[in-house]
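Residue numbers (numbering that gives the first Met the number 0), protein chains in the order written: chain A, 0 to 541; chain B, 0 to 541.
Honestly, I wouldn't trust all of these hints.
Copies of the same chain look alike in the list, so a pair counts if it fits in one copy or across any two.
Pairs of lysine-lysine residues, derived as BS3-like cross-links and limited to a Cα-Cα distance of at most 25 angstroms, are as follows [to be verified]: (1) K130 <-> K52; (2) K404 <-> K56; (3) K56 <-> K123; (4) K404 <-> K52; (5) K130 <-> K347; (6) K16 <-> K312.
Hint data in this document are derived by calculation from the structure and do not stem from the laboratory.
Protein chains: 2
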Amino acid sequence: MMNTQLTISPLMERAEKYFSKKEVISRTATGIYRFTYGEIGKRTRRLASALEKLGVKRGDRVGTLAWNHHRHLEAYFAIPGMGAVLHTINIRLSPEHIAYIINHAEDQVLLIDDDLLPLVERIKDHLHTVKAFVLMTDHDELPASNLEPLYSYEAVLQEGDPNYQYPADIQENDPAGMCYTSATTGNPKGVVYTHRGIVLHCMGIGLADSLGLSESDVCMPVVPMFHVNAWGLPFAATWFGTTQVMPGPRFTPQILAEMMESEKVTISAGVPTIWLGLYQELERGRYNTSSVRAIVCGGSAAPRGLIKAFAEKFNLPVLHAYGMTETSPLVTASRLKSYQQELPFEAKMDLYAKQGMVVPGLEVKVIGPNGEVEWNGQEMGELLVRGPWIADEYYRDERTADAFKDGWLHTGDVATIDEEGTIKLVDRTKDLIKSGGEWISSVDLENALMAHEAVLEASCIGVPHPQWDERPIACVVLKEAYKDKVTKEELLAFLTPQFAKWWLPDDVVFLNEIPKTSVGKFLKRALRDQFQHYFTVQKETK
Amino acid sequence: MMNTQLTISPLMERAEKYFSKKEVISRTATGIYRFTYGEIGKRTRRLASALEKLGVKRGDRVGTLAWNHHRHLEAYFAIPGMGAVLHTINIRLSPEHIAYIINHAEDQVLLIDDDLLPLVERIKDHLHTVKAFVLMTDHDELPASNLEPLYSYEAVLQEGDPNYQYPADIQENDPAGMCYTSATTGNPKGVVYTHRGIVLHCMGIGLADSLGLSESDVCMPVVPMFHVNAWGLPFAATWFGTTQVMPGPRFTPQILAEMMESEKVTISAGVPTIWLGLYQELERGRYNTSSVRAIVCGGSAAPRGLIKAFAEKFNLPVLHAYGMTETSPLVTASRLKSYQQELPFEAKMDLYAKQGMVVPGLEVKVIGPNGEVEWNGQEMGELLVRGPWIADEYYRDERTADAFKDGWLHTGDVATIDEEGTIKLVDRTKDLIKSGGEWISSVDLENALMAHEAVLEASCIGVPHPQWDERPIACVVLKEAYKDKVTKEELLAFLTPQFAKWWLPDDVVFLNEIPKTSVGKFLKRALRDQFQHYFTVQKETK
């Protein structure tokens with residue numbers, strides 16, 4: 000067979016050639032714009048040649064700080080197309096971490112959105128490698144700025160060559176992209192995506208049994224393009240000639256609902272919070288969302304209630320998926336097998352609430368204390384993944400050794416796998432409570448507690464215990480109206496029928512607030528620190 | 000990214016693991032049998048280990064002479080799974096050519112169907128490399144035979160290990176399969192398929208925009224498994240957990256129609272002749288074919304009339320596709336773009352009658368006398384293809400140089416490409432008529448002639464001409480009832496309104512028969528030899 004390399008520029012070339020009339024609808028700071036793939040293709044070539052003029056060379060990293068819009072899409076193809084490396088920077092990291100990753104990646108040029116300019120200006124003195132800044136602005140005039148040199152994206156494009164030819168000698172294992180993922184402690188960890196990994200991931204996304212992305216779709220990635228390549232959708236959608244709708248900066252649920260209706264979106268993708276907001280907006284307004292065939296939900300577990308409510312109230316199918324920065328990201332998709340289609344509605348909802356089955360091309364296994372767990376939906380273990388779009392290291396980072404062992408990525412996610420091979424995430428390994436040689440899911444306890452009408456937030460942690468290694472305690476924040484009106488005995492009584500006796504927390508502690516990370520997740524580490532002597536001290540004072 | 004190799008055994012392992020209850024329905028010489036993927040998986044492992052016991056080593060070729068059934072499917076996975084090479088032998092070749100390709104491939108073992116045993120017995124003295132014969136029979140007792148040693152497939156399986164582990168060190172560029180394609184002159188030419196090529200081709204087949212093969216499909220490959228891996232369907236269908244229906248030896252249109260109905264087939268694939276037979280059967284009987292979503296038609300051009308008749312009469316969509324042995328085979332599929340869905344019925348039929356657009360992953364171009372042709376659906380040129388599932392040589396064959404040049408496969412097919420990038424085949428390069436620097440499609444002329452009620456067969460050839468290089472003449476066989484009742488003037492008058500004047504044949508010659516190849520195609524070379532002096536001699540005798 001021909002030694003044809005799986006590289007990225009042919010994806011855009013296919014869109015240019017075969018889908019030149021199809022559109023990319025882009026919302027920017029100033030409005031909604033429509034471009035054809037014919038136009039996007041030429042603009043992308045201009046960008047690649049302009050970046051070469053700015054001194055970007057093969058293998059150089061080019062950073063982007065940008066929302067989802069057509070210019071970011073052009074960067075997605077121009078940068079790897081010319082042989083450089085697209086480094087999408089997560090703007091939600093702290094300024095210190097943003098500076099760290101720009102320096103660690105050694106970004107040569109930064110492409111920056113209007114509203115993110117102040118962020119870069121604030122850290123500019125800490126940036127050691129950046130030689131030029133390009134502002135992705137709709138305005139003709141550049142704002143006053145302390146960044147130097149600062150160019151206008153559109154002016155740079157004007158200097159570029161619309162007939163630029165992508166180099167033909169890029170190898171499929173060459174780096175194409177980078178994304179850093181925040182770590183529990185320490186600096187973010189970098190993942191490098193190769194051309195081959197991205198192309199194979201695109202094929203994975205196009206398979207009828209995963210997302211089945213197709214030319215006839217209208218795809219709106221709400222998941223940010225600075226977050227695992229917007230789950231690979233911009234690459235795949237371009238390749239297949241899919242119409243793309245890019246919701247731009249600081250969108251609201253209303254904007255999403257309006258664009259869904261007006262552009263007849265068929266598939267969209269985002270995290271549960273986004274869909275919760277959309278659900279509430281759909282309840283408020285009157286939108287026609289009948290074009291939508293799939294609401295892809297990932298990033299964290301989609302609540303069963305939300306999946307069911309979307310189905311019952313709006314006939315909108317939530318397609319639950321799982322992945323992480325290290326996995327490009329698609330690992331599992333929750334689709335029913337043909338013989339599961341006959342199941343009753345509630346049983347289907349149970350399945351849709353799981354993360355689903357591994358997509359073709361990858362392998363997973365779930366490793367418990369005694370090796371691979373039984374496929375019974377009960378036994379818990381860490382989820383391991385391998386395959387051609389799974390990272391095999393962190394970029395120049397000694398934490399590689401913790402996550403990549405024996406050819407498998409150790410995800411740090413705890414899962415069960417049922418008789419049909421369906422994965423359900425139950426916890427993070429570091430949050431799992433290990434009691435007397437058995438495992439207790441902190442997430443299951445929390446979800447059960449948060450279903451109580453009095454509970455605003457609940458976080459369950461394993462606390463060192465002299466006899467059982469660890470025992471669970473529940474940290475609970477009550478809703479304002481219930482403060483001092485609910486006892487721990489009531490909450491434990493509420494949990495009792497739902498769990499085995501040994502799963503029940505040994506204590507319920509009422510707090511005013513659960514400490515959180517910068518992205519709003521419970522900071523269980525802080526709670527564990529706070530309560531580490533809970534049982535030992537109690538014992539001593541007895 | 001992980002250096003995960005794209006190899007074949009994980010495809011079967013996925014079916015075993017995740018689709019162990021799904022079925023393969025297999026028609027053999029004695030009846031219809033049902034196996035689960037759980038069973039097929041174990042039988043495949045048994046076969047691999049049994050072949051090792053028979054002395055098959057890494058890289059050895061193992062030949063099959065077999066129809067479409069479960070045992071052939073097991074061979075599809077056991078042989079490449081163990082690191083050997085699956086050589087599917089086209090039983091329709093002449094016995095001399097079959098002996099040639101077995102020797103040329105150096106097959107070590109042959110797996111043979113009951114009814115093909117006499118074929119092998121006849122050539123056995125000419126086979127130089129085969130060390131063992133295995134009969135794929137349903138019967139417990141072996142028939143008397145001069146083949147030595149001859150084993151029973153089921154007995155061999157009994158000796159095999161159902162827990163055999165496939166070697167994990169197979170590389171994706173290792174050979175996995177072989178298929179020989181008949182040549183116009185000389186011996187058949189061998190194409191070697193790699194693991195990588197087959198896996199990527201499977202992904203191509205699973206893409207929503209090509210065949211969209213999925214777990215929910217019931218797939219019946221009618222195209223023989225000895226013909227370009229039954230177009231890759233057994234590999235892909237197994238990977239995706241698709242139910243497979245294998246129609247076995249010497250099926251009839253009635254058998255196909257019955258299996259389609261009883262097994263609720265959703266997608267089937269075969270050559271136009273098969274579908275013509277099925278169409279007639281559907282007209283005769285009363286079959287429920289409402290489960291069918293696609294009748295994939297390839298191998299030669301599907302007549303527009305047949306596509307239209309299937310659509311109008313039975314609401315059955317014919318999915319026209321194009322490929323060849325050298326291309327694994329899928330190159331194009333005739334699907335409408337989203338904005339073409341609005342076209343009127345007849346315009347859609349026009350598009351469905353074309354071979355369609357190149358599938359994601361491959362590149363095509365059409366090269367005429369002056370380089371790449373315009374995308375106007377008129378200008379003709381040779382179709383060139385490249386990509387990761389396209390061969391780059393013929394196996395140990397100096398004819399490689401004719402077909403593989405500058406990184407492209409020169410298909411020998413003449414095509415046009417329209418404004419939307421849709422390919423339409425119009426001829427073979429060697430049959431194209433070159434008249435005064437312009438090209439005339441012999442196929443277009445033939446099709447027009449064969450639409451005349453008096454014409455049974457027509458073949459148009461280019462004959463050397465002193466002034467125009469070549470001029471077309473038409474060789475026509477009249478139907479019995481019209482013999483001596485139709486003149487050449489009448490036929491030319493019939494053609495005149497349909498073509499430019501210079502396209503019209505300079506003469507119509509009535510023959511009793513058109514010479515044909517062993518597989519029933521017009522042998523135009525013989526006609527060209529016969530008429531090579533037609534114009535020069537005519538001139539001289541004037």
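Going through the hints against the structure:
{"no.": "1", "hint": "K130 <-> K52", "result": "within (12 angstroms within a copy, 65 angstroms between copies)"}
{"no.": "2", "hint": "K404 <-> K56", "result": "neither (33 angstroms within a copy, 31 angstroms between copies)"}
{"no.": "3", "hint": "K56 <-> K123", "result": "within (22 angstroms within a copy, 62 angstroms between copies)"}
{"no.": "4", "hint": "K404 <-> K52", "result": "neither (42 angstroms within a copy, 35 angstroms between copies)"}
{"no.": "5", "hint": "K130 <-> K347", "result": "neither (54 angstroms within a copy, 54 angstroms between copies)"}
{"no.": "6", "hint": "K16 <-> K312", "result": "neither (41 angstroms within a copy, 36 angstroms between copies)"}
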